[in-house]
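Residue numbers (the working numbering), protein chains in the order written: chain A, 1 to 169; chain Z, 1001 to 1105; chain Y, 2001 to 2425.
Everything labelled a hint here was simulated from the structure, so no lab data went into it. Any given hint could turn out to be false.
[Unchecked claim] Only pairs whose alpha carbons sit at most 30 Å apart, straight line, appear in this in silico DSS-like list of lysine-lysine:
hint	chain 1	residue 1	chain 2	residue 2
1	Y	LYS2079	Y	LYS2051
2	Z	LYS1092	A	LYS28
3	A	LYS114	Z	LYS1104
4	Z	LYS1092	Z	LYS1104
5	Y	LYS2051	Y	LYS2327
6	Z	LYS1092	A	LYS166
7	A	LYS167	Y	LYS2399
8	A	LYS166	A	LYS28
9	Y	LYS2051	Y	LYS2083
10	Z	LYS1104	A	LYS28
11	A	LYS167	Z	LYS1092
12	A	LYS166	Z	LYS1104
13	Y	LYS2079	A	LYS166
Keep in mind it's a predicted model, so treat the numbers as computed, not measured.
So the chains spell out like this:
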Amino acid sequence: MAPVATPFFFYLLAGIMLIGGVMVITRKNPVHSALALIVTLLAQASIYLMLYAPFVAGVQIILYAGGIMVLFLFVIMLVSIDRSIRERQFNSQWVVGLIAATALGGLFIAVYTKGTSIFPEHALPMIENDNTQKIATMLYGQYMFAFEIASLLLLVAIIGAVVMAKKRI
Amino acid sequence: MESLLHISTLHYLVLGAALFLLGVIGVLTRRNVVIVLMSIELILNAVNLNLVAFSRMWGGLHGQVFAIFVITDAAAEAAVGLGILIAFFRNKETVNIDEVNLLKW
Amino acid sequence: MGAILQYVQSYLSSDKTPGAAGNMFWAFVYIMLVFLGLSVAVIAMNWLERKILAHMQVRLGPMRVGPHGLLQPIADAIKLLLKEDIMPAEADGLIFWVAPFVVVLAAFTVFVVVPFGPTHAITDMNIGILFMLGVSSLSVLGIVMAGWASNSHYPLIGALRSSAQMVSYEVAMGLAVVSAVLMTSLNATGTGTLSMIGIVQAQLAQGEWFIFKFFPLGLIAFFIFAVAMVAETNRAPFDLAEAESELTAGFHTEYSGFRWSLFFLAEYSAMIAVSSIAVTLWLGGWLRPFPNLLSGSTWNEVFSLVPGATFLFFAAICFYNTARMPKHPYFRVQTIGLAGFGVVLGLIGLVLFVPAVSSRVQDIFWFSAKVAGFMYLYIWYRGTFPRYRFDQLMRMGWKVLLPMGLGVLVLTAVVALLQSYLWHP
């Protein structure tokens, strides 16, 4: 399907993502931050759809917004936040942090303005009809080893999380 | 104006860089551990956006496969990080990252 | 006027969904139609649930409001809209306000990919089934937010229990779905598909509904999904989180009036959504029964008469009950109302006999009939089974359904490989 009104949707979704990101780092209440992060993640899934990556968008919605953020919300509810809302929110070294982030931003601007000419136009027209099939071929063919290691990593993470959070080992 | 309206790869990269910066500011300046962990998730998402944008630019799917692996890793890391947070909270009754100073001399 | 008719005609004879054709206007029309259909379905479900439960318990159910209680859902809706909107004192205002909307959004967005026919879907995404599973898992977020924002014990416990239950049974659902998608790859072309329309077309091409494929593997996968979908939507017998005798009302205790009706709407929409997944994956979607066994033009004719005949049957029931109404002037309005309702149903039935309408409505009718069967099953479960205790519920999700799902998946993969290498059908 031919894309429709791409600049409008891109700027809308980019705006939502940036506003969500700012809300994540500035809210006092962690539950509000988590909700802003969910909005950011869903907007990012929509941007993946614009980038002809429907499978990654689906994985983002299921895993990130529907799994990891539920985990975050559970933990936030278990950890008492009433005291933490009344405390001071920002570090004592927040000035240094902002300077470091500004330096990093300057680095990004330098790289992007210098290298604008090396980004070619989209090399091949991407079709999304068989995106899942192609990713599956790659995942189980070329990247089979990484796939198995990732499943091992998840097993280790499950065991680690259970051991860390248990009351008595 | 024309370059603003025609959405190229650079637009997505700038968006990814902006998200990355927001995540870095969150990690460096917040005191609440949960919000630091959420800023780390923002950083990982910015990286994913870059990967998928480059995958679109070059026409291959390697970037998307890499992005799927990054999402998997983010899930594992969030689970372990939150487990550590719960263990820490059980000991100290606070989620203030400045109080993690038992090894301070 | 002629141009408009021609525009409508040219679209109706196309063979693509509005999403694939990039047609925003028709996509919008389809969205409105689906929304309207869902609202009617939820209202009908409300009445049907109370009536069918009542008849199962040998009592009558609502009889007063309209003829045989037909206007009861409207009375309920008016009551809910006019109730006072209470927010607990220490509740988190923003989250309290947003939570019902998140649940409703998650329950309604799912219908973008539900296939009512080969071209009757709003759009046909490449990742249709993945999208449906993902978006329906977003309703867990809304429930957690609702329980947290109410700032009270019972909603919090109810929300935690409810979300833990939904997350557990999502795993079993996912495995059952994967084993059904695996069966789509046995096509002639050799590639499977995640798109909803593609899955039904694979069933058409392979000549059997996936519930009967590799007997009993398809049946076991369907059974796992059928149990997991009841647990996913927090319905009996898995409704501990919202059972009135256990936890007042679970996560929606502190919600009243319009906000509560949003949760209620989202629950019924989620029921219809997961039933649509089950119908699409295992029961052949929009295909009429026995598409290959009883094929041929005469059987097609016979089956194309079924939609009209169903509505005429309902109209006949209405007229029979009109004749049985008590002959007292108190009941005059109700009798006229019931007769009018019967006339409307009969007219719809007669319209459905017209060939032009019938050929377009066939697919939608069979899909809706199968989903309606599932709704009846939901109500039947509620009237029959006792409630599961929470630890029994979690035990079943993780220790019974998950291993069964894994086993079915492995066995399906093995049998599919054997078939494609040894058999060459």
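Hints the structure fails to honour: As far as the earlier hints go, 3 and 13 are violated by this structure, in ascending order.
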